[in-house]
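Asker: Dock the two chains into a complex; use the hints.
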Amino acid sequence: MRFDRGCKNTTAAFLLLAVTLCGCADPPAVFVLNDAYYAHIERKTQTTFDPRSRDDIGLILASSFGEPDDPYVPLIADLDATEILDLTRVKQSSGRVWSDKIGIARGLYREHCIHCHGMSGDGLGPTASFLNPYPRDYRMGIFKFKSTGKGLKPTHDDLVRILTEGIPGTAMPSFKVLDKDEIESLVHYVRYLSIRGELERKLIELLPDVEDRLLDDALRGKQDDKYKAQWDTIRGTAREVMEKWVQAEQEVLPVPARPDGWQDPETMRASVEHGRKLFYGKVANCFSCHGDSALGDGQTQGVDAWTRELLNDKEQFLGLAKMTPEERDRFEYLKARDPRILPPRNIRPRNLRQGIFRGGRRPIDVYLRIVNGIDGTPMPSAPLLKPGEAPNPGKLSSDDVWSLVDYVRSLQYESISNPNDHEPVVTRERL
Amino acid sequence: MGRFWSILFLLVPVLGVLTFVLAINEVGPFYRHWLPVNINDHGGIIDSLFMFILYLTGVIFVATGLVLFWFLWKYDVAKNRAPVKFSHGSHTLEVIWSILPAATLLFIAIYQMNAWADAKLRRPLLSTGPDKTAGTRDDVVQPPLVEVTARQFEWRIRYAGSDGQIGTPDDVYTVNDLHIPVDEEVVLQLKSMDVLHSFFLPHMRVKQDAVPGMKQFLWFRANRTGTYDLVCAELCGWGHYKMRGRLYVESRQQFDKWLKEKFQEQEQTELKGPPAESAE
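Those protein sequence lines, which keep their order, are chains R and Y.
FYI, in the working numbering the residues of the first sequence are 1 to 431.
FYI, in the working numbering the residues of the second sequence are 1001 to 1280.
Looking at chain Y on its own, in the form it has when it is part of the complex (with noise of 0.2 Å):
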């Protein structure tokens, strides 16, 4: 009996890889549980770090699966009636357990700080200043083309309209429908009018949490059009699931267009039909 529960145990790695491999090639009852498709042009640094930290996790969980199953196959009480030896410790091995991982886990820090500086602090700048150095106090940072204001349960959306300028009459409003030019960069300003929330776009790499009380900023580059997900990340109520919106990745002519059919609807002052379709 006993060697046989070596067995089970060496089909953990196994079939834990054989899980990611039908993932990563979509087949069968696997379709479509990878991460979807990447359009973000600074999306791609994400996923090279999801996939390094996926292979150097996936390569220690093969080898201690590995180690696990051997010890339980060679050390099977039916097979191995020699006496139990009791060792004490070896200092040798507990530094260099310990050092590995610690140097492993350095190297990760060090190695992500370009990206989460790009993502997080390098804002897009309009121009560089008198000075024409990037990342000083001169820099003239691109202004937010949207204002998304997280709400429970809902995306309140608002665009600077055409004087560029959040927070002036010729703001356009929405509701969970984020509309954003492609082949641009647009930066985004968040924030929160209840609790935590967060701003989840899975096809663009971008997660940020919106906290009540400040501004967050966020960028991307969109390359490819089409309507994707707008989903909150942050349990944030009872109402979390129903947190959803759109994402409309438009060519810049058919954006502007939209935004101004928008601002006209916004604008009406005589009773029409029902609410224009959106989009699409």
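In isolation and in its complexed conformation, chain R is listed as follows (with noise of 0.2 Å):
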């Protein structure tokens, strides 16, 4: 009788733990179709697409691009992409984690990356919505921090640079302890991962222009010349993508030399005193946001690229207390079509005391960011002399740009940028 109920209860436990466990297993790895902007569009355009359009988009990539645990690299024709996109390099990166035979670290992205940037490299992992700012999004192809002009790619030192050194102020850390080759194949990867987003939204805006359908397997082996010209299509929109990065690396813009003598304590206190005017004056305007006294507190209303879509088409944005009734119903839409969206949030400008500088501290990374600006923010790119031409007063010369830069970096050794911390008793004062 004692042994029946035991075993009952045995069974029972077995029962439960089996289910339990069923419930365990992972979701399938695949890539998501960015409903968000798919909805954007057709609301944007004021049409209904095809209901079939979202399969054919999946199957386009899924044909060109694989899928998470299979990769592949569109090839096209006449365009050598192998410097930016690798198969082998991506096929690291890819898939499930584990160590092969000689102990190379497979599935890199979702080791490390993938809790935040998610699957479809769209920023939205399960970590995402904790996060100030939200991790980025590489399906629009914008990035931030990088060496070429604005509305540019970066290069492949660019994110290299931010894999290994991190970036300060946000939860993005430093991969510094991965092997070089282990930082190339995420490079590739989330080369890999923007491409496929970007072709992905350029295909959804081909949507209301095109005549029947994207792409109609079923024309295949029928009516062989439309099936073709379908895919040149989609080939053409690949190609555009995938030149912009294959470009990129001869797109570094010259930077003229820093003056000589910052070395000397004197001209560089000259230099920051010239930097300081330009802080406050017209034609940089860089207090206008940064605020008076660069705390960046100036323009707290912008927002980023990737939130005005889901709001409005201007810069501003009030708040989420203050969403005007387009707005609320513009996102609302939105995130009733795409439940993944996360909650609009303003775009603060960089508090310039802290010496928390995002895209390095290096004066050639502040350079940088002044003269390119920095894409996907309100933070515009200033208006420099071109070499040789005469000194114009609405614009700004190297020379000043660098004074920017040597100001900009000295403000957090100012006495006010430094509140004292508390420091222990039993250290500060040995009795």
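Just so you know, the hints here were simulated from the structure itself, not pulled from any lab data.
Among these hints, one or two may not hold up.
[Stated by the list, open to error] Think about it this way: if two alpha-carbon atoms lie no more than 20 Å apart in a straight line, the pair counts; the simulated DMTMM-like pairs of lysine to aspartate or glutamate are:
1. K180(R) <-> D1229(Y)
2. K1120(Y) <-> D1177(Y)
3. K386(R) <-> E1147(Y)
4. K1260(Y) <-> D264(R)
5. K1242(Y) <-> D181(R)
6. K150(R) <-> D1041(Y)
7. K1207(Y) <-> D1177(Y)
8. K144(R) <-> E1147(Y)
9. K202(R) <-> D181(R)
10. K1262(Y) <-> D232(R)
Answerer: Here it is, written out as structure tokens:
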């Protein structure tokens, strides 16, 4: 009798365990369609897309880029993209996390990045909603910290730098302890996700104008001309996206040399003083956003490009509490279509007194931020005199920008930037 | 059946001791499961305290295991038919088992006091001041060589630079790469930017919580060059496991060279290739 009851209990416990474990199975690794953008374009163009177009886009992307567990790299005729998308490197970062026989780490993206940046590189991983700023959504193809001009893609070195140094002031940590090869592989994988995501957006943008369907798989073997024409459009779009990445390596802007004598304290002081005047001047106009005391409290109602798309077509957003009916309407519509999107947030200009420079603290980093602006944010590029151009009060010379760099880099050492921390009594005053 | 179970209980102290013996001697699968090599001149005392407490608890652990086994063996119901005898406690026994552990704990508390003071209170001095006595108000304490700021999830590191002061324009900034000179007292200043972290150098036997809003100081004297671990020893959030860094112990010459290179890189005003590979 007693044995029976024990046996029943054991069986019940095993059943319970089995049921619980069934629920623990990994969700399948799939790329998710950019539903928010799909809905946005539908609403913007006042059209309703053919319901099959979602599957069409899925098919196009799957046949060009594969799946997260088995990626491929699209081949475009006459475009050598191995420098930016090397299949071996992409594969090392894709798939589940494991180490092969000789100890090479695989599935790096899922080990290190996915919880923030998401399986599809949409910045909607499980930890994303806890972070401020939100993790980057690669699918827009916009990158902030780079050595190329406004609107251009970052170079290889730019991405390597972000991965190794991290982005201070954000949740993006440094991955310095990873091997060089692993960083390299992740850089390729980020480009892979970005190119895939940007192509997806471009394909969605094509939908309102497409005659019949973007890609009708039923035409294959029947109306080959039409089928081929459909693929040609798609390949053309993919080429547009990929070419920009290939070209980025040649787009690095030349940086005029920093004036000599910065090691001399007197020259440095003069430069900082000149930079201070420019900071509060009409041309550079830094203070209007970064605030009268450079605390980042000037213009605090800006939004970044990623948020703007969910709200309005302006650069301003008064905050969640003061959303206009149109903004609320657009956001709620998009949220209903893609429940994963995160509530909008303002982007704050940087507090320059903390000594935290997201894109790096080297003079060259600060110079590039000023001259190129920061893509996707309200930070504009400075009006710079072209080499050989006559001095113009409406523009800055490169020496002016170097002075601004010196001023901005000096702010963190001013005494008001350094409140005193509490020190433990025992070490402060030894009795 | 009864005595079979008492044998299983005997296995607990036997296997327990065996595990430690194999681990200390780094046998087979236990290779590198014991303490890492100690590279801190001040770390020996921590190790000896650890071993002392291990032996103390080890003896009690084995004794308890043996007594448990002996009772199970001797009073096995199949062999022992005598009726149960109940006792209503022994005052003498209770006094003994209260006083013995209390005395032991008190002994450990007093025995370790000097080690604690050396590790946490007696910061290395530049000079003992005019009164020539250490431990008085006029002591000049050694300033920190480097400041480590913990944040989710990395170690932001700042060196005092050539003027020896933290918070001046010649500071050198790195992340996750802690370089220190060998055979020198190094004072390190520790802060946190967000939540509790714990700065842990296992090879140095140094561990200190980083508390937001507080400055902590720790010190050590490395005696062996090489590359070691820097980890976070306080669960600080979902990315706690990522909070790893490297500790490079180098000769003074190499350290100065590295610091200079770092500073030059930091003052870089033109674009060059990818960031230089870290030393080693």
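Asker: For a C-alpha distance cap of 20 Å, please report whether K386(R) and E1147(Y) respect it.
Answerer: Judged against 20 Å, a Cα distance of about 42 Å means the pair is violated.
Asker: Holds or violated: K1207(Y) with D1177(Y), Cα cutoff 20 Å?
Answerer: holds, 17 Å
Asker: Does the structure keep K202(R) and D181(R) at a Cα separation of 20 Å or less?
Answerer: Violated, at roughly 31 Å.
Asker: For K1262(Y) and D232(R), compute the direct alpha-carbon distance and say whether it is at most 20 Å.
Answerer: violated, 50 Å
Asker: Do the alpha carbons of K144(R) and E1147(Y) lie within 20 Å of each other, as the hint requires?
Answerer: violated, 29 Å
Asker: Holds or violated: K180(R) with D1229(Y), Cα cutoff 20 Å?
Answerer: holds, 18 Å
Asker: Within 20 Å, alpha carbon to alpha carbon, are K1120(Y) and D1177(Y)?
Answerer: violated, 24 Å
Asker: Checking one constraint from the list: CA of K150(R) to CA of D1041(Y), max 20 Å. Satisfied?
Answerer: violated, 54 Å
Asker: Are K1260(Y) and D264(R) close enough, with their CA atoms no more than 20 Å apart?
Answerer: Satisfied, since the Cα-Cα distance of roughly 17 Å is no more than 20 Å.
Asker: Do the alpha carbons of K1242(Y) and D181(R) lie within 20 Å of each other, as the hint requires?
Answerer: At roughly 18 Å apart (the allowed maximum being 20 Å), D181(R) and K1242(Y) satisfy the hint.
Of the numbered hints given earlier, the model fails hints 2, 3, 6, 8, 9 and 10; all others are met.
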